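Student: Guided by the hints, dock chain B onto chain A, whose structure is given.
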Amino acid sequence: MVFERYVEVGRVALVNYGDSKGELVTIVDVVDGNKCLVDGAAAGGAPRQVISYSRINLTDLKVALGRGAKGKAQKAAWKAAGTQAAWDSSSWAKRLANKKTRAGLNDFSKFKVMCAKKSKSAAVAKKLKSYKK
Amino acid sequence: MTVAGVMKQFQVVGRKAPTEEVANPEAFRIVLFAPNAVIAKSKFWYFMHQFRKMKKSTGEILDVVEIVEKNTSQVKNYGIWIRYDSRSGTHNMYREYRDVALTGAVTQLYDEMAGRHRTRPRSIQIIRTAALKTEDVKRVDMLQYTSKDQKFPLPHRVHQAKRGAKALSDRTFTTVRPTTFFK
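First to last, the sequence lines map onto chains A and B. Counting in full-length UniProt numbering, the final residue of the first sequence is number 133, and the numbers go up one at a time with none missing. Counting in full-length UniProt numbering, the final residue of the second sequence is number 183, and the numbers go up one at a time with none missing.
Treat the hints with caution; some may be incorrect.
Using 20 Å as the maximum straight-line C-alpha spacing, the simulated PhoX-like pairs for lysine-lysine come out as follows [unchecked claim]: (1) K55(B) <-> K41(B); (2) K62(A) <-> K138(B); (3) K70(A) <-> K8(B); (4) K133(A) <-> K117(A); (5) K94(A) <-> K148(B); (6) K110(A) <-> K120(A); (7) K55(B) <-> K70(B); (8) K75(A) <-> K62(A); (9) K133(A) <-> K118(A); (10) K148(B) <-> K35(A); (11) K70(B) <-> K16(B); (12) K99(A) <-> K110(A); (13) K110(A) <-> K100(A); (14) K55(B) <-> K35(A); (15) K133(B) <-> K183(B); (16) K21(A) <-> K99(A); (17) K53(B) <-> K62(A); (18) K62(A) <-> K35(A); (19) K62(A) <-> K110(A); (20) K183(B) <-> K62(A); (21) K70(B) <-> K53(B); (22) K56(B) <-> K41(B); (23) K70(A) <-> K70(B); (24) K8(B) <-> K41(B); (25) K183(B) <-> K35(A); (26) K72(A) <-> K62(A).
Distance windows between CB atoms, simulated [what the hints assert, rightly or not]: (27) D88(A) <-> S73(B): 25 to 31 Å; (28) L62(B) <-> W92(A): 27 to 33 Å; (29) T179(B) <-> L128(A): 27 to 33 Å.
None of these hints come from the bench; they were simulated from the model. Treat the numbers as computed from the prediction; the structure is a model and nothing was measured. Virtual Cβ for every residue (Gly too), placed ideally from N, Cα, C.
So here's chain A without its partners, still in its complex pose (with noise of 0.2 Å):
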């Protein structure tokens, strides 16, 4: 049981709960062991706020930062460090975005993914059934 995510001045975190649901911060500063200071200006997005820890979920992501950096400085580290490319590659994010492109098809739409589903899972179960033989 080794921890690879800790809660530190730089951390690249996703909010899961309240306005800012689904929207990347960073951790600027420490308020205590129940909360922190993040900042959504890097990620576009979730203002500066005090967070509770249950509220954000830590990423493999960090940047370099000082303590209670404003915006312009987490642009400029979010960019040297890859982060937005990086987070945009890892299959949380993937998943992510799957799963809101699922939620938005129609009816139609969802009717051809399980058209393919059937035809990708029939096409699974041909090849299986040679090696079979």
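Tutor: Okay, now just chain B, sitting in the frame of chain A:
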């Protein structure tokens, strides 16, 4: 003097009501913490009648202004000196909090005094407040968060989706133990 939730800071100015003998009585100003302007005025009269022979029915409030902190983008250390009545006596106390605003620290104070000492808000009087430099912080539990390169994991967490699940909903009972370990 009830307190519900978030505290604000008010400046209240009041004086004795003018009479024919004293047409222009001396005005007094108190800066205090209250959840709203009504309670701020009430607190003003509570403190004022201890200092001078004044009371609400023979006085008037000239002004009530909320004092809003300008810089709420940085975390600061606050020291608060209080006096409070416990079940057995009156005590002075000094406590420290970290927050982005003084009003937030005062709100934390009222909540913590209720939790640790069962103190009701009416029994707490704030004597003095100060924003502290890092080297002036005294309390160990605040000091540990003022160090420059602190880091700590979040062990044993309950998944957010599992929180607040309605009683007897589909999620109430399960045969699978929850995962509380996150990297």
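Student: Could you run down the list of hints and mark each one as holding or not?
Tutor: Against the structure, the hints:
no.	hint	result
1	K55(B) <-> K41(B)	holds (11 Å)
2	K62(A) <-> K138(B)	violated (31 Å)
3	K70(A) <-> K8(B)	violated (26 Å)
4	K133(A) <-> K117(A)	violated (25 Å)
5	K94(A) <-> K148(B)	violated (34 Å)
6	K110(A) <-> K120(A)	holds (15 Å)
7	K55(B) <-> K70(B)	violated (33 Å)
8	K75(A) <-> K62(A)	holds (13 Å)
9	K133(A) <-> K118(A)	violated (23 Å)
10	K148(B) <-> K35(A)	holds (17 Å)
11	K70(B) <-> K16(B)	violated (33 Å)
12	K99(A) <-> K110(A)	holds (13 Å)
13	K110(A) <-> K100(A)	holds (13 Å)
14	K55(B) <-> K35(A)	violated (42 Å)
15	K133(B) <-> K183(B)	violated (34 Å)
16	K21(A) <-> K99(A)	holds (14 Å)
17	K53(B) <-> K62(A)	violated (61 Å)
18	K62(A) <-> K35(A)	holds (18 Å)
19	K62(A) <-> K110(A)	violated (37 Å)
20	K183(B) <-> K62(A)	holds (14 Å)
21	K70(B) <-> K53(B)	violated (36 Å)
22	K56(B) <-> K41(B)	holds (9 Å)
23	K70(A) <-> K70(B)	holds (16 Å)
24	K8(B) <-> K41(B)	holds (13 Å)
25	K183(B) <-> K35(A)	holds (19 Å)
26	K72(A) <-> K62(A)	holds (17 Å)
27	D88(A) <-> S73(B): 25 to 31 Å	holds (28 Å)
28	L62(B) <-> W92(A): 27 to 33 Å	violated (58 Å)
29	T179(B) <-> L128(A): 27 to 33 Å	holds (31 Å)
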